[in-house]
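Novice: Given next are the chains, with one letter for each unit.
Number of protein chains: 2
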Amino acid sequence: LGWVALLVARLVLAAPGWAQPRKPSGKSGPARYGMVIEIKPDRIDYYKKLHAQPWPSVTKKLTEVNIRNFSIFLKELEPGRWYLFGYYEYVGRDLDADWKKMLADPETKRWLKETDPCQTPIPTRKAGEWWAMMEPIFYLR
Amino acid sequence: LGWVALLVARLVLAAPGWAQPRKPSGKSGPARYGMVIEIKPDRIDYYKKLHAQPWPSVTKKLTEVNIRNFSIFLKELEPGRWYLFGYYEYVGRDLDADWKKMLADPETKRWLKETDPCQTPIPTRKAGEWWAMMEPIFYLR
Chain L
1 LGWVALLVAR LVLAAPGWAQ PRKPSGKSGP ARYGMVIEIK PDRIDYYKKL HAQPWPSVTK
61 KLTEVNIRNF SIFLKELEPG RWYLFGYYEY VGRDLDADWK KMLADPETKR WLKETDPCQT
121 PIPTRKAGEW WAMMEPIFYL R
Chain X
1001 LGWVALLVAR LVLAAPGWAQ PRKPSGKSGP ARYGMVIEIK PDRIDYYKKL HAQPWPSVTK
1061 KLTEVNIRNF SIFLKELEPG RWYLFGYYEY VGRDLDADWK KMLADPETKR WLKETDPCQT
1121 PIPTRKAGEW WAMMEPIFYL R
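Protein sequence lines, in the order shown, are assigned to chains L and X. Position one of the first sequence corresponds to residue 1 (this note's numbering), numbered consecutively onward. Position one of the second sequence corresponds to residue 1001 (this note's numbering), numbered consecutively onward.
Extracted from the complex, chain L is given alone in its bound form:
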């Protein structure tokens, strides 16, 4: 329902959040991405539990769509305000196409129905984003 709309919006909007290529300026190596989203304090335990034993169907899909070296970190930035930071590398040739493939996957949709309600997108995100992409300003191989 709301989730279907959300997923459709993600697909339709030309710039689905973490599908935007962000290359560190003039440096070598695979494309690197950093992204951020707020997490609701009362959902942290559940979110951590999900990610401590992520569904093999979903991690397999992430690998299939050429995502590598994907980490998520958690931190309380101010009292009561918790954020998630994602870092990943992309080794494919068409991140938009791969991202659409990921979102079309039924298991991924089911996973997002669990994780999305834990999160609150930041107000300064770009149109069409859920996780907000960050600007890379330094890279050292």
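Pairwise CB distance ranges (calculated):
{"hint": "1", "chain 1": "L", "residue 1": "Glu107", "chain 2": "X", "residue 2": "Trp1055", "range": "43 to 53 Å"}
{"hint": "2", "chain 1": "X", "residue 1": "Glu1114", "chain 2": "L", "residue 2": "Pro106", "range": "43 to 53 Å"}
{"hint": "3", "chain 1": "X", "residue 1": "Glu1114", "chain 2": "L", "residue 2": "Lys113", "range": "41 to 51 Å"}
{"hint": "4", "chain 1": "X", "residue 1": "Lys1113", "chain 2": "L", "residue 2": "Glu135", "range": "21 to 31 Å"}
{"hint": "5", "chain 1": "L", "residue 1": "Gly80", "chain 2": "X", "residue 2": "Gly1092", "range": "30 to 40 Å"}
{"hint": "6", "chain 1": "L", "residue 1": "Glu89", "chain 2": "X", "residue 2": "Pro1054", "range": "12 to 22 Å"}
Mimicking SDA-like on lysine to any residue, the simulated pairs with C-alpha atoms at most 20 Å apart in a straight line are:
{"hint": "7", "chain 1": "L", "residue 1": "Lys100", "chain 2": "L", "residue 2": "Thr63"}
{"hint": "8", "chain 1": "L", "residue 1": "Lys61", "chain 2": "L", "residue 2": "Glu107"}
{"hint": "9", "chain 1": "X", "residue 1": "Lys1126", "chain 2": "L", "residue 2": "Trp82"}
{"hint": "10", "chain 1": "L", "residue 1": "Lys49", "chain 2": "X", "residue 2": "Glu1135"}
{"hint": "11", "chain 1": "L", "residue 1": "Lys126", "chain 2": "X", "residue 2": "Trp1082"}
{"hint": "12", "chain 1": "X", "residue 1": "Lys1126", "chain 2": "L", "residue 2": "Glu78"}
{"hint": "13", "chain 1": "X", "residue 1": "Lys1101", "chain 2": "L", "residue 2": "Leu140"}
{"hint": "14", "chain 1": "L", "residue 1": "Lys48", "chain 2": "X", "residue 2": "Glu1135"}
{"hint": "15", "chain 1": "X", "residue 1": "Lys1040", "chain 2": "X", "residue 2": "Thr1124"}
{"hint": "16", "chain 1": "L", "residue 1": "Lys126", "chain 2": "X", "residue 2": "Gly1080"}
{"hint": "17", "chain 1": "L", "residue 1": "Lys109", "chain 2": "L", "residue 2": "Gln53"}
{"hint": "18", "chain 1": "X", "residue 1": "Lys1048", "chain 2": "L", "residue 2": "Arg141"}
{"hint": "19", "chain 1": "L", "residue 1": "Lys100", "chain 2": "L", "residue 2": "Glu64"}
{"hint": "20", "chain 1": "L", "residue 1": "Lys113", "chain 2": "L", "residue 2": "Tyr46"}
Partial chain X-side listing against chain L, Cβ under 8 Å, derived:
{"hint": "21", "residue": "Phe1070"}
{"hint": "22", "residue": "Lys1075"}
{"hint": "23", "residue": "Ile1122"}
Bear in mind the hints are in silico, worked out from the structure with no lab data behind them. Don't be surprised by glycine CBs; every beta carbon is placed ideally from N, CA and C.
Please arrange chain X on chain L, whose structure you already have, making use of the hints.
Specialist: For chain X alone, kept in the frame of chain L given last:
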């Protein structure tokens, strides 16, 4: 002066920020670290300029102390509140010792005299931290 005190404090306090090992639970691969700090809006341009052409003496030192794949990302999380997110991997065997070596380096000290005034450590950081380490909650190789 203030910076010397800061550097000494970093060395003396047993837990200097990004020197704390944080392994993703039960996953393979090198040790990964995520860290965060606020940046003063009026210092963003200067900070970006510094990191667009980082001093070779400092990047060389980072490599010497076994830091790899180091990225820094920038994002405004709320209107007027900007944050830096750092991600790096450590391939050595003694991060504490390597970190001390890094901080003892005159060029690094000179670099930090430029970058530290741009930053505001978050109030929820741990004792002894400048950049606040984040908790890893997910990792996919």
